[in-house]
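Chains X and B are the protein sequences, given in the same order. For the first sequence, our numbering assigns the number 432 to the initial residue and increments by one for each residue that follows. For the second sequence, our numbering assigns the number 86 to the initial residue and increments by one for each residue that follows.
Don't take each hint at face value.
Covered by chain B, according to a simulated footprint, are these stretches of chain X (three or more residues, beta-carbon under 8 Å) [unchecked claim]: (1) 552 to 562; (2) 607 to 620; (3) 643 to 654.
FYI, nobody ran anything at the bench for these hints, they're computed from the structure. Computed from a predicted model, the values in this text were never measured in an experiment. Using N, Cα and C, we set each Cβ at its ideal position, and we do this for glycine too.
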Amino acid sequence: MTTYLGQLRAIVWKDLLVELRSRERLTAMGAFAVLAGVLFAFSIDTTTTRPQDVAAGLIWMTLVFGGLLGVGRTFHLEAQDAAFQGILTSPAPKDVVFLGKTLANFALLYVISLLVLFVFALFFGLELGPNVGWVVFVLGLGSLGFVALGTLFAAVSAGTTMGETLLPILIFPLLVPMVIYGVGATGRLIAGRPFSEIEGNVRMLGAFAVAALAVGAVLFRYVVED
Amino acid sequence: MSTTGLRRGGLTLTLLGLAGLTGLYWMSFFWVSTEINQGVVQRIFYVHVPAAWTSFLAFGIAALLSGVYLWLRDPRLDRAASCAAEGGLVFATIMLTTGPLWGKIAWGTYWTWEPRLTLTLLLWFIFLGYFMVRNSTEDPEKGKRFAAVVAIVGALDIPFIHLSVGWFRSLHPQPVVIKPEGPTLPGDMLATLLTGFAVFTVLFFGLFLFRYALEGLRAEVDVRARRSTA
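Same shape as in the complex, but just chain X (with noise of 0.2 Å):
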């Protein structure tokens, strides 16, 4: 058990560091946030919507586009020099380096997701007030579960001739339970209803993501074997 944490942390703490170091994809994935948030701004007649109604479904949208050029990217560094075949062969189990991964995207989308809410609270003049900490909550719940989807197809998108084009038509059809459950209940959130009536939806977007983790960690061998 401790090696396996051991293992986790080290393949955590190199994404992470790497991450820190070159700031490639989270510059990206962030100006992206906030150039969506700016484009969405525009996308809405103000006369006759207002855009607090919108926002929720914006934000997730940006989340996972955003996500989308970040997590698609998980593997493109190391398949250069070939290195990710360096972890293969480490005595890490293949759900070590997917879990590890995982978290590493996780952490960098979470920071991510809260650039987007803090630019489409901005942007939108959303007022959360007590509601900020659930919103927050959920969307944590929401990027756990794509970056589980999110890393598992990266890679295979990665080991085709068609790379990263093929990650939106392999995880979007996937991913509508989670955009459903996390819009409705952000939505619900902004709009000020109590979390009683987003208890289900929270529910959901958990077991989606414990589910999506449990397979990712369980199919990502047969991805990477070679």
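Given chain X's structure and the hints, the job is docking chain B onto it.
Chain B in isolation, oriented as in the chain X frame:
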């Protein structure tokens, strides 16, 4: 079973299915009584529902075989999975075209975000991904593994999709055959529908065996070609 045997079996079942299809069309156009509320448009139901059943059956078989393939690594399992997935895609396309045609008259709109409609559309795209992944790897073995992973994750995601799109909204007619208090469909309509189920299932297995035999031949040709160049 030998490839010839498979082909013969496939041919027999397909011919049987096609003959049954003629019978089903006759039944649904001339024999069965017209539904009182919806009128003649309801007859599309005898094609739509069996196609839906068959595509779910086919996708289920594909996902199951994919799982066993990753475990046993028998190339025959992968071939069978891809043939079933192909059949599923065909029957899902039938369901997705007949549904909106009926919906335009019954609901007044071609498309609505009705749970079962949405689920089928998503399934269709999941298995489109299955074939895209399969055909875009340099190493075919890798493509088979990737496709199996897509099918398994897709199958496991279905309960979540089902619950979430149901939570989103529901407009679809409620089940009329499989429900706790027994079928509420009039006798002749039930008979036509059940004929439809039988015909589509037989047709699917006929086409499936045909495709499977063809893929077997293809694999054999590959092996021989490799041997002659070696």
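Outcome of the hint check:
Taking a C-beta to C-beta cut-off of 8 Å, the stretch 552 to 562 of chain X contributes 0 residues in contact with chain B, too few for the three needed, and the coverage statement is violated. Requiring three or more residues with a Cβ within less than 8 Å of a Cβ of chain B, the coverage given for the stretch 607 to 620 of chain X holds, as 5 such residues are present. Coverage of the stretch 643 to 654 of chain X by chain B holds. Counting CB-CB distances below 8 Å, 4 residues qualify, and the rule asks for three or more.
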